[in-house]
Amino acid sequence: MASVATPILEEYAGGTIARAQVGLWRDGFRRLRRNRLALAALVYLTALLLIAVVAVFWTPYNPATILPNTLTYLGPSAAHPLGTDDLGRDLLSRMMQGAQISLIVGVGTSAIVLTVGVVVGLIAGYFRGWIDNVISVFINIFYGIPGILVAIILYLVLGRGLGNIMIAISATAWMDMARLVRGQAFSIREREYIEAARASGARSGKILFGHILPNSLGPIIVQATFVIPIAILTEAFLSYLGLGIPSPLASWGSIASEGYAALPLEPYMMLWPAVALSVTLLAFNFLGDGLRDAFDPRQRR
Amino acid sequence: MTNPILEVRNLSTHFFTDDGEVKAVRGVSFDVAPGETLGIVGESGCGKSVTAMSVLGLVQRPGKVVGGEIMFKGRDLLKVTREELRNIRGRDIAMIFQDPLSSLNPVLRVGYQIDEAMYAHDKIASGDVERRGIDLLKQVRVSDAERRINDFPHQFSGGMRQRAMIAMGLSNKPDLLIADEPTTALDVTVQAQILELLRDLNEQTGAAIILITHNLGVVAGLCKRVLVMYAGEIVEEGTVEQIFESPQHPYTWSLLRSVPRIDANRGHRLLSIEGLPPDLIDLPQGCKFNPRCPFRVERCFKESPPIEQVAPAQHAACWVTMARAYAEMGAGTITDTSPGAASGIHPAGRSRPPTEVAAAIAEPIGD
Numbered sequence: 001m002a003s004v005a006t007p008i009l010e011e012y013a014g015g016t017i018a019r020a021q022v023g024l025w026r027d028g029f030r031r032l033r034r035n036r037l038a039l040a041a042l043v044y045l046t047a048l049l050l051i052a053v054v055a056v057f058w059t060p061y062n063p064a065t066i067l068p069n070t071l072t073y074l075g076p077s078a079a080h081p082l083g084t085d086d087l088g089r090d091l092l093s094r095m096m097q098g099a100q101i102s103l104i105v106g107v108g109t110s111a112i113v114l115t116v117g118v119v120v121g122l123i124a125g126y127f128r129g130w131i132d133n134v135i136s137v138f139i140n141i142f143y144g145i146p147g148i149l150v151a152i153i154l155y156l157v158l159g160r161g162l163g164n165i166m167i168a169i170s171a172t173a174w175m176d177m178a179r180l181v182r183g184q185a186f187s188i189r190e191r192e193y194i195e196a197a198r199a200s201g202a203r204s205g206k207i208l209f210g211h212i213l214p215n216s217l218g219p220i221i222v223q224a225t226f227v228i229p230i231a232i233l234t235e236a237f238l239s240y241l242g243l244g245i246p247s248p249l250a251s252w253g254s255i256a257s258e259g260y261a262a263l264p265l266e267p268y269m270m271l272w273p274a275v276a277l278s279v280t281l282l283a284f285n286f287l288g289d290g291l292r293d294a295f296d297p298r299q300r301r
Numbered sequence: 302m303t304n305p306i307l308e309v310r311n312l313s314t315h316f317f318t319d320d321g322e323v324k325a326v327r328g329v330s331f332d333v334a335p336g337e338t339l340g341i342v343g344e345s346g347c348g349k350s351v352t353a354m355s356v357l358g359l360v361q362r363p364g365k366v367v368g369g370e371i372m373f374k375g376r377d378l379l380k381v382t383r384e385e386l387r388n389i390r391g392r393d394i395a396m397i398f399q400d401p402l403s404s405l406n407p408v409l410r411v412g413y414q415i416d417e418a419m420y421a422h423d424k425i426a427s428g429d430v431e432r433r434g435i436d437l438l439k440q441v442r443v444s445d446a447e448r449r450i451n452d453f454p455h456q457f458s459g460g461m462r463q464r465a466m467i468a469m470g471l472s473n474k475p476d477l478l479i480a481d482e483p484t485t486a487l488d489v490t491v492q493a494q495i496l497e498l499l500r501d502l503n504e505q506t507g508a509a510i511i512l513i514t515h516n517l518g519v520v521a522g523l524c525k526r527v528l529v530m531y532a533g534e535i536v537e538e539g540t541v542e543q544i545f546e547s548p549q550h551p552y553t554w555s556l557l558r559s560v561p562r563i564d565a566n567r568g569h570r571l572l573s574i575e576g577l578p579p580d581l582i583d584l585p586q587g588c589k590f591n592p593r594c595p596f597r598v599e600r601c602f603k604e605s606p607p608i609e610q611v612a613p614a615q616h617a618a619c620w621v622t623m624a625r626a627y628a629e630m631g632a633g634t635i636t637d638t639s640p641g642a643a644s645g646i647h648p649a650g651r652s653r654p655p656t657e658v659a660a661a662i663a664e665p666i667g668d
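Here the protein sequences line up with chains A and B, keeping their order.
Counting with our numbering, you get residues 1 to 301 for the letters of the first sequence.
Counting with our numbering, you get residues 302 to 668 for the letters of the second sequence.
Check the hints yourself; a few may be wrong.
Covered, in the sense of this in silico footprint (three residues per stretch, anywhere, with C-beta under 8 Å from a C-beta of chain B), are these stretches of chain A [to be verified]:
#1 207-219
#2 252-262
Below, simulated BS3-like cross-link-like pairs (lysine-lysine); rule was C-alpha separation at most 27 Å, straight line [what the hints assert, rightly or not]:
#3 A:LYS206 x B:LYS474
#4 B:LYS380 x B:LYS474
#5 A:LYS206 x B:LYS365
#6 B:LYS380 x A:LYS206
Please keep in mind that the hints were generated in silico from the structure rather than gathered at the bench.
The beta carbon of each residue, even a glycine, is placed where N, CA and C say it ideally should be.
Could you put the whole structure together from the sequences, leaning on the hints where they help?
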């Protein structure tokens with residue numbers, strides 16, 4: 001066995017015998033890279049993000065302008081790659097703006113949910129007692145009411161607007177996040193390193209955000225990723241009902257709604273937003289699944 | 302004698318569970334002198350860890366300190382505000398836990414966790430923190446400290462993790478270090494290194510150490526004075542020599558006879574303490590050790606023995622004490638350590654000798 005032992009010794013003399021240090025994040029992304037579906041989703045979503053960013057500065061036409069001398073319900077052509085809508089506006093421009101709206105609503109809602117859900121969940125799970133009881137009862141009551149109903153009512157009360165639509169969707173979506181974080185805090189607070197931190201005089205805030213939060217980051221990121229497609233879908237649904245984004249802003253939901261009237265004659269106007277929505281929702285779900293597999297070692301195969 | 306830095310008086314900590322009030326610590330009193338090394342020994346569940354947690358105010362619901370005083374530097378830790386207590390934790394009194402793996406946060410770098418203990422008390426300028434972290438790791442003899450400080454806990458070996466924990470404990474130069482079973486999760490050679498480290502640090506820094514353990518060998522290796530706890534009470538207290546050479550409480554005596562010794566005669570039998578520790582919800586009347594004591598007398602069932610001086614600097618809570626047990630009951634020669642074996646006391650209606658119980662079980666039921 002000398003032949004086996006010798007190279008190890010040589011390597012040791014060289015200085016490194018241990019595997020390269022791999023942190024939680026790099027390890028997670030390495031596993032994510034191996035998941036082709038998640039990787040494809042990531043590529044698609046990056047492209048979508050790029051389109052949305054480009055749409056801020058440039059669209060082929062002004063998405064809100066009714067173009068003169070242009071036919072309505074036009075099919076794809078060189079001048080209008082995706083055709084025109086019921087008022088003769090360029091559909092590509094409107095779809096690009098729709099992507100922007102969808103991403104803003106998705107990510108914005110996710111950010112609100114993340115902030116509120118994490119803070120509430122950490123407090124409930126760490127301090128327990130009456131504060132946890134109040135929060136849990138509140139969440140359980142709202143669990144019996146459909147989230148979409150709460151969102152519609154709240155949105156009507158708040159009035160139309162991009163910010164309000166995010167608040168309306170967040171109103172119920174934060175509860176899942178809070179439950180998840182509460183459960184995490186509940187179990188992590190019993191770990192010995194939390195006791196050790198307390199014994200070394202750490203403040204409650206430090207324990208919550210410095211110890212418990214980093215240890216539950218994996219599931220939180222996964223949950224935050226899953227909130228995005230739910231928010232996008234809810235916004236599209238509200239816009240489809242005519243309750244969503246005020247016109248002339250374009251949303252995938254409102255484009256689909258306007259196209260519905262002409263569906264038998266001209267399917268394109270309904271087709272584009274439907275495809276865009278489906279693929280985007282799928283992509284976010286695949287990415288979420290990929291992240292869960294990558295960051296939750298218990299589900300690792 | 303210098304004034305003690307920690308005086309615990311009549312400390313009682315109970316846990317209010319659904320099954321009843323678990324009286325985990327009852328009327329415990331002891332002192333710790335500056336720079337002293339005090340061992341607290343006892344079997345699992347005897348209240349040694351709860352005593353330590355009570356000192357730091359870390360007893361969690363449903364547990365509660367129900368009485369007593371914990372005087373530290375002239376202040377009663379049971380009466381100070383939460384913020385004052387937080388300031389004392391980690392700065393004046395530090396604690397080291399049993400399992401070094403689970404006591405370090407797995408997602409944070411070791412250096413960060415050492416720094417954090419210092420930041421919690423703002424005792425150090427932020428520019429000095431990193432250098433001090435490396436110094437601390439060197440002080441606890443972690444080799445290649447400059448590189449290791451950026452490692453994650455899983456990259457440390459068990460012994461190194463415990464060293465890192467000790468470094469965290471020492472970071473604010475505490476007056477008192479409470480080590481709760483610091484070597485239990487480590488293998489024997491590493492145990493010896495950690496004990497040596499603690500001993501050296503005690504001499505270098507002058508920090509008093511309370512060592513909580515069930516391992517008598519560990520106590521012998523580090524401590525000058527020993528408290529023996531049983532069922533939530535201190536049953537014996539003395540210097541390490543007194544406890545090991547002339548224990549006066551039958552529990553201490555039995556405990557020592559159940560540990561293998563390298564200097565024992567061949568053929569020396571290891572004795573076990575028969576029976577189980579009492580139920581802390583429903584404690585026996587009189588001495589709490591009476592259901593298991595080979596030397597019990599009638600009085601042990603009626604009255605709880607107070608802790609009294611039995612020799613200079615040695616105290617024991619026993620009606621009999623081993624001096625009398627040796628003289629009157631031939632304790633040196635007994636091989637049967639069953640309850641009441643030496644004194645022959647088996648109160649009617651109480652626990653029967655195990656032989657009778659065995660016979661009763663063996664009897665066929667019906668015919």
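Okay, the hints, checked on the actual structure:
1. With 5 residues bearing a CB less than 8 Å from a CB of chain B, the region 207-219 of chain A meets the requirement of three and the coverage assertion stands.
2. Coverage of the region 252-262 of chain A by chain B is violated in this model, with 0 residues showing a Cβ closer than 8 Å to a Cβ of that chain against a need of three.
3. Annotation: proposed proximity of LYS206 (chain A) to LYS474 (chain B) holds, straight-line Cα distance about 21 Å (limit 27 Å).
4. Restraint check for LYS380 (chain B) and LYS474 (chain B): satisfied, since their Cα atoms lie roughly 24 Å apart, inside the 27 Å limit.
5. A hinted pair counts as satisfied when its Cα atoms are at most 27 Å apart, and LYS206 (chain A) with LYS365 (chain B) qualifies at roughly 24 Å.
6. Between LYS380 (chain B) and LYS206 (chain A) the CA atoms are separated by roughly 24 Å; this keeps the pair inside 27 Å, and the hint holds.
Hint 2 alone, counting from the list given before, is not met by this structure.
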